[in-house]
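Peer 1: Here is what each chain is made of, one letter per residue.
Protein chains: 2
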Amino acid sequence: MTERSQETLRVGVIGLGIMGRPMARNLARAGFAVTGFSRSRASIDAVADAGVSPGASLGTTIAGADVVVTMLPDTPDVVAVVRGEDGLLARAHPGVIWIDTSTIAPSMAGELAAEATRRGIRTLDAPVSGGESGAVAGTLTIMVGGDRATFEAAGPVLRAVGKTITYVGSSGHGQVTKLCNQVVAAGTLLAVGEGLVLAERAGLDTDAVLRALGAGAAASWMLENLGPRMLARDYRAGFFVDLQLKDLRLVAEEARRLALPLPGAALCEQLFRAVAAAGGGRLGTQALITALRRLAATGESIDPSPTRR
Amino acid sequence: MTERSQETLRVGVIGLGIMGRPMARNLARAGFAVTGFSRSRASIDAVADAGVSPGASLGTTIAGADVVVTMLPDTPDVVAVVRGEDGLLARAHPGVIWIDTSTIAPSMAGELAAEATRRGIRTLDAPVSGGESGAVAGTLTIMVGGDRATFEAAGPVLRAVGKTITYVGSSGHGQVTKLCNQVVAAGTLLAVGEGLVLAERAGLDTDAVLRALGAGAAASWMLENLGPRMLARDYRAGFFVDLQLKDLRLVAEEARRLALPLPGAALCEQLFRAVAAAGGGRLGTQALITALRRLAATGESIDPSPTRR
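From first to last, the protein sequence lines are chains A and B. The letter at position 39 of the first sequence is residue 39 when you use this note's numbering, and the numbering goes up by one with no holes. The letter at position 194 of the second sequence is residue 194 when you use this note's numbering, and the numbering goes up by one with no holes.
Do not take every clue at face value.
[Unchecked claim] Heads up, incomplete: computed chain A residues facing chain B, CB under 10 Å, no partners named:
id, residue
1, 73
2, 76
3, 165
4, 168
5, 260
6, 261
7, 265
Keep in mind the hints are simulated off the structure, nothing from the lab. Just so it is clear, the structure is predicted and the values come from calculations on it, not from any experiment. Glycine included, each C-beta is placed from N, C-alpha and C at the ideal position.
Whenever a hint applies, use it, and build me the whole structure from the sequences.
Peer 2: Next comes the structure, spelled out in structure tokens:
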């Protein structure tokens with residue numbers, strides 16, 4: 001990697017969903033020679049017009065890259081791309097940097113990093129926060145674990161997709177930091193949702209309530225950005241309920257591994273599950289308030305007759 | 001009140017605790033003729049040097065005021081000052097404005113306002129947020145319910161103690177808005193605490209975690225201001241656990257009255273109660289994390305022998 005200038009550094013992006021696609025575009029815009037690959041041919045074609053070369057296969061995309069960036073939905077997807085026949089361990093050149101920007105189980109992130117290191121691959125776990133809008137704007141928050149030297153070497157690539165880039169420690173620590181982020185983000189969203197259902201139920205001027213709360217100790221990114229959408233019942237997705245649920249499952253698994261009770265995070269998971277159970281998995285996380293409204297029986301009335309089924 | 005200029009407007013402040021004392025000082029600094037009264041003679045003496053006249057009694061303080069400001073700990077204290085023999089209903093002149101900046105039960109706030117109105121007293125419920133530091137700096141957030149004309153008339157007094165002053169609706173609505181504020185503030189604090197105990201337990205660089213989380217969707221006033229104190233185990237009070245518990249009790253009562261389930265707020269109340277049970281009632285609310293650490297058994301070890309008592 002050090003032999004090539006930034007202009008000709010070849011970056012292979014694996015995973016071209018709502019996050020991977022704009023990241024690939026921003027990397028191309030920053031001057032890297034970007035090849036994109038996805039299981040979906042349509043996704044590959046969709047980035048081609050932004051200066052991203054279509055990858056012919058997973059293996060060739062990896063084999064032709066100095067830096068491999070993965071952005072995949074869940075742990076098994078990353079495992080498949082790393083350990084698969086045509087995957088990273090089989091096809092990457094020694095010295096390649098693999099940056100996993102997916103959010104996956106920290107323990108598996110550590111395992112995969114160890115396997116890759118044995119093949120001479122340098123690894124970073126670098127999950128992101130900021131959602132689709134952050135990916136499009138190139139302003140993602142990136143939490144990076146791995147060797148500090150690898151972190152320094154990957155700087156130009158990370159800066160092409162993110163704004164606040166924090167080195168948090170060794171392999172896997174980026175993933176745990178992301179889980180901490182999700183615990184705080186989900187819990188803050190629940191707090192906002194409960195405050196607003198109380199305001200709705202009490203018949204308050206909810207816009208005035210938002211203004212008053214935003215000025216003091218109750219202020220948060222969630223209150224400012226998703227509070228108004230909750231009140232307007234605008235559930236268009238910045239971040240899917242299904243992905244929030246996946247992250248809270250990873251939190252629960254990690255907390256279990258650490259023997260750590262997290263009652264608030266557990267409550268968040270239950271309520272997001274209620275949103276998904278009602279068909280809201282592809283709504284934005286602000287749809288959490290629909291579960292609170294249903295709890296408050298403003299969603300569905302119950303036939304009080306005990307004999308009705 | 002309209003016959004006097006702002007310079008000579010007489011303001012009686014009832015309640016000179018950690019909030020009322022700096023508020024009285026700021027009112028005097030703004031040019032009002034301020035008289036302060038408290039059940040504690042020491043508290044009255046403590047504000048005298050700041051241009052606040054000592055009130056001889058509750059009744060004379062009220063009788064000599066154009067505007068009465070109450071800042072008292074809980075609902076019964078306000079009830080006593082309003083309905084007591086020497087209190088507001090008995091001693092206030094018609095046309096006086098009574099501004100209750102205490103946080104009390106919204107239903108009682110409505111009752112007292114109705115009683116005062118029948119005596120020709122104009123009322124505002126105007127609970128504040130911002131804690132001691134906000135009171136000292138005169139930058140409190142004030143959520144005001146009552147007649148809009150009374151709100152306009154009281155503007156100069158409110159602006160002498162607060163910065164963000166929001167009219168939220170009729171009598172009692174200021175109190176409910178404050179409860180919404182407390183639901184969001186306490187829930188956000190729980191979210192921050194859980195994220196940080198996860199970071200501690202996983203052995204992360206907690207300062208790096210704070211930096212990373214503060215840049216994105218997990219950001220909040222609580223994370224920024226109380227997160228570092230949680231990590232530093234600095235529990236000096238900006239806002240007492242005991243007062244947070246009182247506010248969460250008011251939330252629980254109001255939610256019960258509205259038949260509204262608020263599981264997150266209920267969880268917060270339980271955990272703050274655990275802090276108080278352990279002797280932390282006079283610590284700052286950031287001590288919530290001590291209950292989470294105890295849950296995680298990093299506080300006390302259990303003798304596993306079932307026969308030991």
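Peer 1: Each of the hints needs a verdict: does it hold here or not?
Peer 2: A quick look at each hint next to the structure:
Contact between residue 73/A and chain B, as hinted, is not supported at the beta carbon level, the nearest pair being about 19 Å apart and thus beyond 10 Å. The beta carbon of residue 76/A is not positioned within 10 Å of any beta carbon in chain B (closest approach about 22 Å), and the interface hint is therefore violated. Hint status for residue 165/A: holds, given a least beta-carbon distance of 9 Å to chain B, under 10 Å. Hint on residue 168/A holds. Least Cβ distance to chain B is approximately 4 Å, under the 10 Å limit.
Look at residue 260/A: its Cβ gets to within about 5 Å of chain B, closer than 10 Å, so that hint holds up. The closest approach between the C-beta of residue 261/A and any C-beta of chain B is roughly 5 Å, which is under the 10 Å cut-off, so the hint is satisfied. With a least beta-carbon distance of about 6 Å to chain B, the hint placing residue 265/A at the interface is held under the 10 Å criterion.
Hint compliance for this structure: hints 1 and 2 are not met, and every other hint is.
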